[in-house]
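Use the sequences and the hints to build the structure in full.
So the protein sequences, as listed, match chains X and B.
To get our numbering, take the position in the first sequence, counting from 1, and add 650.
To get our numbering, take the position in the second sequence, counting from 1, and add 19.
It should be emphasised that the hints constitute simulated quantities derived from the structure, not laboratory data.
Among the hints, a few may not be true.
[As the list claims (entries may be wrong)] Cut-off 35 Å, straight-line C-alpha distance, at most; resulting in silico cross-link-like pairs (DSBU-like, lysine-lysine): (1) B:Lys246 to X:Lys1197; (2) B:Lys451 to X:Lys1149; (3) X:Lys1181 to B:Lys451; (4) B:Lys451 to X:Lys1197; (5) B:Lys147 to X:Lys1128; (6) B:Lys87 to X:Lys1233; (7) B:Lys451 to X:Lys1161; (8) B:Lys89 to X:Lys1194; (9) X:Lys1197 to B:Lys147; (10) B:Lys455 to X:Lys1178; (11) B:Lys167 to X:Lys1194; (12) B:Lys455 to X:Lys1163; (13) B:Lys202 to X:Lys1201; (14) B:Lys147 to X:Lys1261; (15) B:Lys451 to X:Lys1128; (16) X:Lys1149 to B:Lys412; (17) X:Lys1208 to B:Lys246; (18) B:Lys87 to X:Lys1128; (19) X:Lys1208 to B:Lys147; (20) X:Lys732 to B:Lys236.
None of these values were measured; they are calculated from a predicted model.
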Amino acid sequence: MDLDAIVIGGGHTGIEASLALSRLGFETLLITQNPDVIGKMSCNPAIGGLAKGNLVREIDALGGEMAKLIDATMIQFRILNKSKGPAVQAYRAQADKTAYSLLAKWTLEREKNLHVFQDTVVDLTTDSSGRRIQGVLTERGRIFKARTVVLTTGTFMESRIFIGEYSGPSGRLGEPAAIGLGKSLRRMGFDVGRLKTGTPARALRSSLIFERMTEQPGDDEMLPFSFSDSKVNRPNVPCYITYTTAETHRIIEENIDKSPLYGGKIVGVGPRYCPSIEDKVVRFPERQRHQIFVEPEGLSTEEVYLNGISSSLPEDVQEKFLKTVPGFEKIEIVRPGYAVEYDYLNPTQLYPSLETKRIKGLFVAGQTNGTSGYEEAAAQGLMAGINAGMFLQKKPPLILSRADAYIGVLIDDLVTLGTEEPYRLFTSRAEYRLALRHDTADLRLLEKGYTAGLKGDEEKQRLQEKIQNLDEIREILKKRKVHESDTAHLSALKHHPGKSFEQALRDPLIKMKDLTALDDELAKRRTKYLKYVELDIKYEGYIKRQKEQVKRFERMEKKRIPEDFNYALAAGLSAEAREKLTKIRPLSVGQASRIQGVRPADVAVLLVLLKKGV
Amino acid sequence: MIEYLYTVEEPIAALSTPWGESAIAVIRTSGGNTLTLINRIFKPFMRRTGDAEPGNKVSPGKIRVSAKSKGSTLHYGKIIDSDSGEILDDVMLALYRAPASYTGEDSAEIFCHGSLAVITRILALLYKCGFRPAQAGEFTLRAFLNGKMDLTRAEAVNELIRSRSDKARALALNRLSGTIERKITEIKLRLVNFLSSVEVRLDYPDEDIEGEVVSEKECSSVENELKQLISSYETGRLFQEGVTAVLAGRTNAGKSTLFNLLLKEERSIVSRYHGTTRDYIEGNIVVAGIPVRVFDTAGLRKGGGPVEMEGVRRSNRVIKGADFILYLVDASFGLTEEDTDFIKSYSGSYGGKGKIIKVWNKIDLKSTGGVKAPDGFLPLSAETGTGLDKLVKRIEQTILHGTPVRPGEPVIDSIRQKELLDRTLDALRRFKRGLKRNDPLDAISVELQEAVHLLGEITGEVTSQDILNNIFSNFCVGK
Chain X
651 MDLDAIVIGG GHTGIEASLA LSRLGFETLL ITQNPDVIGK MSCNPAIGGL AKGNLVREID
711 ALGGEMAKLI DATMIQFRIL NKSKGPAVQA YRAQADKTAY SLLAKWTLER EKNLHVFQDT
771 VVDLTTDSSG RRIQGVLTER GRIFKARTVV LTTGTFMESR IFIGEYSGPS GRLGEPAAIG
831 LGKSLRRMGF DVGRLKTGTP ARALRSSLIF ERMTEQPGDD EMLPFSFSDS KVNRPNVPCY
891 ITYTTAETHR IIEENIDKSP LYGGKIVGVG PRYCPSIEDK VVRFPERQRH QIFVEPEGLS
951 TEEVYLNGIS SSLPEDVQEK FLKTVPGFEK IEIVRPGYAV EYDYLNPTQL YPSLETKRIK
1011 GLFVAGQTNG TSGYEEAAAQ GLMAGINAGM FLQKKPPLIL SRADAYIGVL IDDLVTLGTE
1071 EPYRLFTSRA EYRLALRHDT ADLRLLEKGY TAGLKGDEEK QRLQEKIQNL DEIREILKKR
1131 KVHESDTAHL SALKHHPGKS FEQALRDPLI KMKDLTALDD ELAKRRTKYL KYVELDIKYE
1191 GYIKRQKEQV KRFERMEKKR IPEDFNYALA AGLSAEAREK LTKIRPLSVG QASRIQGVRP
1251 ADVAVLLVLL KKGV
Chain B
20 MIEYLYTVEE PIAALSTPWG ESAIAVIRTS GGNTLTLINR IFKPFMRRTG DAEPGNKVSP
80 GKIRVSAKSK GSTLHYGKII DSDSGEILDD VMLALYRAPA SYTGEDSAEI FCHGSLAVIT
140 RILALLYKCG FRPAQAGEFT LRAFLNGKMD LTRAEAVNEL IRSRSDKARA LALNRLSGTI
200 ERKITEIKLR LVNFLSSVEV RLDYPDEDIE GEVVSEKECS SVENELKQLI SSYETGRLFQ
260 EGVTAVLAGR TNAGKSTLFN LLLKEERSIV SRYHGTTRDY IEGNIVVAGI PVRVFDTAGL
320 RKGGGPVEME GVRRSNRVIK GADFILYLVD ASFGLTEEDT DFIKSYSGSY GGKGKIIKVW
380 NKIDLKSTGG VKAPDGFLPL SAETGTGLDK LVKRIEQTIL HGTPVRPGEP VIDSIRQKEL
440 LDRTLDALRR FKRGLKRNDP LDAISVELQE AVHLLGEITG EVTSQDILNN IFSNFCVGK
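The following block contains the structure:
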């Protein structure tokens, strides 16, 4: 078989990378240690959430798969932050884990040009210069050749699992680590570090007493993440909320020395935003209780996920403290919580295309780059897949800016700043959050997906219709004036006689749905479009201010720096800046300015030198 | 903040001549819509109705500076604060159209009088109407980026920018005294806490985070701290730049005698004849540690020869620019209509200062014996010095009135800092208003971010990573 591309790993990253490559027409081989765990959700059974939900919709707009997978397998849907503002509203869905994973596997299997193969990659092969990728070597001694390789090993590279005193080489509990590859990468000169993450226990649903907890139902209306799915018709299963108690905390404190984290066994750095229960108790002793979400793992299983209480304490301690939680008195644990430590590649070794600077044609994506979360992983997988495709076609890479997409923020942060703890995306990482609403993802990105070759004419047509619809609604609102008779129906309109509906809508007391009731033309329009225009108008002032900031930002992004720019010869740069710039090799002056240790004076010098060089 | 720093086209302004008293100073502006912005503050003189006439009878012309004005032209006119209608100075304005300018952008240079008061006010007006203070080396940098410099000069410019920005930073750091830096950092920290409190609620919707996002009380308290710092600028300015005082009054009211008394040296030509001082004379004294520039002006008198009229015209201009006026009335002559007219027109809101000290002079003369000083007048004999103590006391009160001078309090002393603090305060107020109106958190967070960034320009940038660090050390979130 003549291969164009190899993707190592079948997790959320590998799925997107391999689909993108094969859909661009390249013969692609996906090598996984076990095809049965393709698309497995190692941690919580949910997709989306703050910023992450936006990522999923951005992936969809560019031509990725994640939105479609969750749309077909969700068992609960909620819009988060409904009351807190347009830019931070986010979709979140509980997933049927097994269904999700099976659908992912089936999708890969049905894809033309895509081949799934079970093996473990232990080394990469390069040409004689050592600077260009040639293929991979597997555990069973097979050599596969391809012009490009995408590395998506997740938490499996040289991984170890910890539960109390126990530790062993696994990526997920019961699944072997991928041994060898981390060592090879170190040998090739890559900067490889250790990170840690953790997961809570899974329990048997029938052993819990739900009357002692608070039900957290999903929204009545289930909406699709994908812009091309028009509706979702899925079961709606509730979650439950309960809390730790003083007794829980006492038991944890009493046994803290048995934690591999506090006992010094784990050297990897864990995520602060997703702390283990041990961390929470030790770091915030004044807190009386901590929230626990009981989430269903799927429709075809009795297992539930205990979100908020990840732990690597010994199993007997886990059981003991869990039993002090209201509703958990008779808990039966199916799988204990554990911590996992793994190799990651410092992502500053990558270009914004996710190609390594060291070896041409080698792309790295996902948790291997130090991120955490399915969505962050998938987003990188998609971009690495697209850009490996661009590389094969000798086209310039697709690089999204911080003002284009959360994906842009994610990747720019990774390759410019690097990360020393598992990186998770937050909306607060985005400077231009108001411009990155989830309902604008298609407007921002679909065209790019189309140009790249992952979106078809039909989808482009749908986007045109959306744009036209939005324009028309805006036009109606502009033309329609507030009549005397309107005020009878809506007293808040009293203050806006003769003004246009658009002006009236700026009044916080007036909602779009009030106006829709007054006008037949508006009433005919789709709710999601009306909602969209409403947000645009209501927050116009803030959006405008943000747009100005974006404009200023883009000027610096447009000033390109050649990849081979010689910083050693750049007189006037501070020593620190020279070192950092040489290491990161930013592609634009904007990116350079975000590197830690590069000061305004250095940027000025850089601008002058670039001008001179031209 | 880098994106503010080196962006081209954004209108910028700065004093191009050294900061100090001089005959003429040059303020340079450059950027995309410079001409439109200049139009708002500059009114050209078209024709004069005769040089012999007093200067204020010059009619403004109809042709104004606009986006269509020709470049490489020189215009004579006045700088006017269009909000208050106040004339700040008569100036020469040089216009340059892109690319034929130093920076290669549309650009204007204002040649104004070199008094620090005038310079400060013109700069403040420019910042108010849309220019921002230029950073060190920024004009040169733009010139470079726009290809106005040939390559052989590149290295030199490179060095220049390098040394200037480093020097400017060192200067800025030096100027930030320990106390003020602590103060601003403290305010910034409180704003960062606000921002964390907002952001944690946005990024962790499922957590039960207790308490108000930001209490109005907290907000007002930071607002007050900012206000106090901003008002300290006036105090800082007082000590650094001092104030100007003008001696005014009818001819022969004893202004020069008082001037000499204050300066304790015979500088003015003192005579008993009206109209001896035909131009103005200045001298420096120190009151309560604050330098006061005292101007002795020609007396106000109608008629007189053309030379004297010119003196009166100049006096008028000095009077308009003064921080306060010592108005003398000859007690032996009594209060005339001219006196009351003057006092009325100047005790109002001229220049927003309107401070006037009324002096009932020559109480030593026999002819004034027994006539009590009218209400609000300080009795004085400039000749003998009787009443001088009380006058100095009054001067002190007038200068310090409304300025919070407390020993040990930090004082800001650069207009750039003041401008940044002003904008910070504006952003904080917009945040507070949005919070009150129940605007969504993600929208009003834009304002807080702006406030934090602005303070960051004084004491160092706050990154989103800093905010996250603050969140994780203060809130127990995550699952």
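Now for the hints, and whether the structure bears them out:
no.	hint	result
1	B:Lys246 to X:Lys1197	holds, 29 Å
2	B:Lys451 to X:Lys1149	holds, 28 Å
3	X:Lys1181 to B:Lys451	holds, 26 Å
4	B:Lys451 to X:Lys1197	holds, 22 Å
5	B:Lys147 to X:Lys1128	holds, 33 Å
6	B:Lys87 to X:Lys1233	violated, 48 Å
7	B:Lys451 to X:Lys1161	holds, 23 Å
8	B:Lys89 to X:Lys1194	holds, 32 Å
9	X:Lys1197 to B:Lys147	holds, 22 Å
10	B:Lys455 to X:Lys1178	holds, 28 Å
11	B:Lys167 to X:Lys1194	holds, 33 Å
12	B:Lys455 to X:Lys1163	holds, 24 Å
13	B:Lys202 to X:Lys1201	holds, 33 Å
14	B:Lys147 to X:Lys1261	holds, 33 Å
15	B:Lys451 to X:Lys1128	holds, 30 Å
16	X:Lys1149 to B:Lys412	violated, 60 Å
17	X:Lys1208 to B:Lys246	violated, 39 Å
18	B:Lys87 to X:Lys1128	holds, 33 Å
19	X:Lys1208 to B:Lys147	holds, 30 Å
20	X:Lys732 to B:Lys236	holds, 27 Å
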